[in-house]
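Asks: Listed in order, the protein sequences are those of chains A and B. Under the numbering used here, the residues of the first sequence are numbered 1 to 236, in order. Under the numbering used here, the residues of the second sequence are numbered 1 to 137, in order.
Where hints are given, some of them may not hold.
Some chain B residues near chain A, calculated using beta-carbon distances under 7 Å [stated by the list, open to error]:
#1 LYS38
#2 VAL69
#3 THR89
#4 THR98
Okay, the calculated bits of chain A under chain B, using three or more residues with CB under 8 Å as the criterion [what the hints assert, rightly or not]:
#5 121 to 133
#6 164 to 178
Please keep in mind that the hints were generated in silico from the structure rather than gathered at the bench. A virtual CB, placed ideally from N, CA and C, is assigned to each residue, including glycine.
Now for the letters of each chain:
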Amino acid sequence: MTIHRRGFLCTLALAANSSAQAPAKRWAMVIDPQKCLKDKGCTKCIEACHKTHNVPALAEARHQVKWIWKEPFGHAFPSEQGEHVREELKHQPVLVFCNHCDEPPCVRVCPTQATWKRADGIVMMDWHRCIGCRYCIAGCPYGSRSFNWVDPRPHIRQINTDFPTRAKGVVEKCTFCEERLAQGQPPACVEACPEKALVFGDLRDPQSEARKLLRARFSIRRKPELGTKPEIYYLV
Amino acid sequence: MRDRPIIFGGLMVFLGLATFPIWYNVAAGKTSRGPDIKLPAQEKECVAATDYMRSSHMDLLVEWREQVVRQHVRRFTAFNGRNYNISLTGTCLKQCHTSKADFCDRCHDYAGAGTPYCWDCHNEPRPAATVAHRLPQ
């Protein structure tokens, strides 16, 4: 039996392909603003997130730490804010948080690799390694990152001992509840939403709820013109 | 050399004062006593050998930190084959060393190692702490 070069290379390629691992998940969030706005005063997702992750409640605006919050439509979607946009839309609050971008600028500028993109798309933070340079805050076009200007502990109403607090001088942001995902639980905000306005799912799974929604309805993302490829989708 | 008694007398006084803490502790019987730590009642073995934990627990904690945060490894197999969830608060403190003050702090105080900055962020479990990663009420 003779071995030809082409056959040998094909065999090698097949072997390499079969041993390669299946691609990881790609976590993303789909938000239905109409459902979210059914109760305009509802802040259950924000409360659940901030309680779970020991986010301090600071009165002074310039010191505030936010993982998930509501932003006026014009701030969240400045490129959609045309002159003749519907009047009520201008003042509607939009739920915003870290977009877990495919091309995260915060990751590119971090000098210590305290923030990085995981294989499953989560833009993760290692608070141990953060030196508080705030380059990531300058780099993020969505304002999704907060700096701890003061010691946050005295400003946490009730500390959840299962999750660490942060120290003064450290940047923090939403991590898509990676600690809950590791235990097979959905993010805290998704679990807390009474209207099920937040749908969390794997974009690499065509049968996931998130992919079904994105197939069925038109969606927009925040500042797509910047090329950061945000992975939070807003259904229109 | 008429100053000899003064010189040697002075040296003796100096040596006596310089080594006073040693004599004082010998007299009080403190030198051979280690830190008065409270060991867990229900567990007899730690996640690694006692000697290793005594000298290198900080290395293990750093290794755990890297595994959980950066490599998504959350289970640790101990030298005796037991499996543990990698967590300073959830495993070390909740399962065994239920009082940080009676274990960590006493040894650190004895060794003069101070309070490490782990506790700037990591928490001591409350007696009736919330169940891991459930939404706190």
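Asks: All hints, please: hold or fail.
Replies: Quick rundown of the hints versus the structure:
| no. | hint | result |
| --- | --- | --- |
| 1 | LYS38 | 20 Å, violated |
| 2 | VAL69 | 5 Å, holds |
| 3 | THR89 | 6 Å, holds |
| 4 | THR98 | 12 Å, violated |
| 5 | 121 to 133 | holds (count 4) |
| 6 | 164 to 178 | holds (count 4) |
Consistency note: the structure conflicts with the earlier hints numbered 1, 4.
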